[in-house]
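Chains as they are written, first to last, in this note's numbering: chain A, 1 to 233; chain B, 1 to 345.
It should be emphasised that the hints constitute simulated quantities derived from the structure, not laboratory data. This one's a predicted model, so the numbers in the text were calculated from it and none came from an experiment. Beta carbons are placed, not taken as given, at the ideal position from N, Cα and C, and that holds for glycine. Treat the hints loosely; a few may be bogus.
[To be verified] Derived, one-sided and incomplete: chain A residues facing chain B with beta-carbon distance under 10 Å:
no.: 1; residue: 86
no.: 2; residue: 172
no.: 3; residue: 195
no.: 4; residue: 209
[Said to hold, decoys possible] List of simulated lysine-lysine pairs, DSS-like, C-alpha gap at most 25 Å:
no.: 5; chain 1: B; residue 1: 265; chain 2: A; residue 2: 197
no.: 6; chain 1: A; residue 1: 216; chain 2: B; residue 2: 127
no.: 7; chain 1: B; residue 1: 217; chain 2: A; residue 2: 208
no.: 8; chain 1: A; residue 1: 5; chain 2: A; residue 2: 20
no.: 9; chain 1: B; residue 1: 265; chain 2: A; residue 2: 215
no.: 10; chain 1: A; residue 1: 207; chain 2: B; residue 2: 217
no.: 11; chain 1: A; residue 1: 215; chain 2: B; residue 2: 217
Spelled out from the first residue to the last, the chains are:
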Amino acid sequence: MNRYKILVIEDEVHINNLLKTLMEANGYQAISGYSCEEGRMLYSSYRPDLVILDLGLPDKDGITFLAMLRKESGIPVIVLSARSDERDKVEALNLGANDYVTKPFGSAELVARVRSALRTNSHRSEDGKVPGGNFHSGNLRIDYDARQVWIGEAEVRLTQTEYNIVALLSEHAGKMLTYSFIIREIWGYNDAGSTKKLQVNMANIRKKLGAQPGKKNYIINELGVGYRMSEGE
Amino acid sequence: MKGCWERMKKIWKNIGLMVGILILTFGIGLFLNDALQGNALIPSVFVLGVFLISVFTDGFVYGIIAAIVSMLAVNYAFTFPYFRINFTIPENLVSGVIMIAITLITCFLTSQLKRQEQLRLESEREKMRANLLRAVSHDLRTPLTTIYGSSSAMLDQNHEFTEAQKRKMLLGIQQDAQWLHRMVENLLSITRLDDENVKIIKTETALDELIDSVLVKFHKRYQEQEIEVEIPDELVMIPMDAILIEQVIINLLENAVQHAEGMNKIWLRVFIISDKAIFEVRDNGNGIPKEQLRTIFSEGIGLSVCATIIKAHGGDITAENAKDRGAIFRFTLDIEELGQEDESV
Chain A
1 MNRYKILVIE DEVHINNLLK TLMEANGYQA ISGYSCEEGR MLYSSYRPDL VILDLGLPDK
61 DGITFLAMLR KESGIPVIVL SARSDERDKV EALNLGANDY VTKPFGSAEL VARVRSALRT
121 NSHRSEDGKV PGGNFHSGNL RIDYDARQVW IGEAEVRLTQ TEYNIVALLS EHAGKMLTYS
181 FIIREIWGYN DAGSTKKLQV NMANIRKKLG AQPGKKNYII NELGVGYRMS EGE
Chain B
1 MKGCWERMKK IWKNIGLMVG ILILTFGIGL FLNDALQGNA LIPSVFVLGV FLISVFTDGF
61 VYGIIAAIVS MLAVNYAFTF PYFRINFTIP ENLVSGVIMI AITLITCFLT SQLKRQEQLR
121 LESEREKMRA NLLRAVSHDL RTPLTTIYGS SSAMLDQNHE FTEAQKRKML LGIQQDAQWL
181 HRMVENLLSI TRLDDENVKI IKTETALDEL IDSVLVKFHK RYQEQEIEVE IPDELVMIPM
241 DAILIEQVII NLLENAVQHA EGMNKIWLRV FIISDKAIFE VRDNGNGIPK EQLRTIFSEG
301 IGLSVCATII KAHGGDITAE NAKDRGAIFR FTLDIEELGQ EDESV
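Please take these sequences and the hints and turn them into a complete structure.
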């Protein structure tokens, strides 16, 4: 069996052990590194399929490692961070991290993120570009050719901008997209009022998709960070 | 910007006080002069005025200005030669010097007093912090006992427990670890605000996104507890530190779950009244005991964190009992006028 290789870079021994055990219990092969330097060595010798990266490493910042990694490869990276540093999260995501998990985390949550990151990577958001492509998540369906969004049998009437946002999120389903990433993709520029503009559009989209606060919604919002389209397993 | 404005306000207050008291003194002087022919009393009245100004204004400046003005006034209007400034008469000179001396001494004493008051406040804050630390350390011991005890029991005597017993112990570990996590979050919020120089950074936050995030986090911990939500239909943007306000609402909800006896319903409502957003967490439990109502925000960590965070946002937080049943917690946040230019989409 060809198992996915996962490189865990985390300096706290107990957390590292936990992550390794958790990955192995879920059928992955796990390799442990305890510093930025060690991580880099292990990365070049093992060529893993995914990296779980702690941001607070002893020798160098996890962000530095991420930047280094992104220069040579697009492999999925999941960042571990503490609650209080939203800015670190946003920075990591903007640097190309696929996702982040806040410490302390539940095992189910982490495993779900790993699975989703590996999956997203294997079909790299091509659905939107191939003709006849469709996106499904629960009752939500996006017909990319017709630029139409459906919930069950009912078409959801979106404006151009709203559609573009929904389509963008769906093409990266499961991945957390930061405000600035979405803004750049949709409007091409980023100015002072952009986040507000995005939030206004998102509010309309939520209403049209019938979202209710606190319930399982198609688009998940992460305060101060961005949005994620749920994959609807 | 705000600090500058506050300073201006203070200066105006001082000036107002000074001018007000001086006018009053002058009036009394005129009255005494006309009605009682109590010429000899007038310098004393001015001394009293200068003394009061020195006590109630900040620093030395206003007192000294008042002393000089009073001296000139007494000299000009109330002593011989009338309506002329004259320093050749030793009496006038001496009364002037006395007035300046009183001002200096009073100002010195009041500023000393104010400094002592500040020191007292600081030591009080220090004491509060020490109390908090003591309470926290005490509180930490309980969950640590569960975690340490259960895990070592399972390591040492793994085969002697049934699956159900192990599961129960693991659940205990998980719950107490979650409790510790919340405690740490609260402490982090306090330290984030502790430093008075650190201004919170407010970003415009969509109300429904905030409420969504709160509910998702709350339901992770309390799956069964339903919450009735009522928020405005239209998009409302409120400037805040969203992470901290999120914590306030979660703490209030959690407080209802843990302390409202006989509660089976929680409401979370937000109303907009003119330029304020009013957040309300209400339950239908037994309410807050009367003797606790006044001190409730300084009792547990959760609620005192709420008060600290709301205060730092420039809002108000209150607790009261509903007329029929249950407790109501409310806090307010300002909604600044939003720029209209980027409303169009």
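Now for the hints, and whether the structure bears them out:
1. With its C-beta approaching chain B no nearer than about 7 Å, residue 86 (chain A) sits inside the 10 Å limit, and its interface hint holds.
2. Taking 10 Å as the C-beta cut-off, the interface hint given for residue 172 (chain A) is violated, the closest approach to chain B being about 19 Å.
3. Of the supplied interface hints, the one on residue 195 (chain A) holds, with its beta-carbon coming within about 8 Å of a beta-carbon of chain B, less than 10 Å.
4. The beta carbon of residue 209 (chain A) comes no nearer than 13 Å to any beta carbon in chain B, farther than 10 Å, and the hint placing it at the interface is violated.
5. A distance of roughly 36 Å separates the Cα atoms of residue 265 (chain B) and residue 197 (chain A); the hinted pair therefore is violated under the 25 Å criterion.
6. The straight-line distance between the Cα atoms of residue 216 (chain A) and residue 127 (chain B) is roughly 46 Å, outside the 25 Å bound, and the hint therefore fails.
7. For the suggested pair residue 217 (chain B) and residue 208 (chain A), the alpha carbons sit about 24 Å apart, so the restraint of at most 25 Å is met.
8. About 11 Å separates the Cα atoms of residue 5 (chain A) and residue 20 (chain A), which keeps this hinted pair within 25 Å; it holds.
9. Distance restraint check for residue 265 (chain B) and residue 215 (chain A): the Cα-Cα separation of roughly 18 Å lies within the 25 Å cut-off, and the hinted pair is therefore satisfied.
10. Of the pairs offered as hints, the one joining residue 207 (chain A) and residue 217 (chain B) holds, with about 21 Å between alpha carbons and a cut-off of 25 Å not exceeded.
11. Under the criterion of a C-alpha separation no larger than 25 Å, the hint pairing residue 215 (chain A) with residue 217 (chain B) is consistent with the structure, at around 11 Å.
In this structure, the hints that do not hold are numbers 2, 4, 5 and 6, in rising order.
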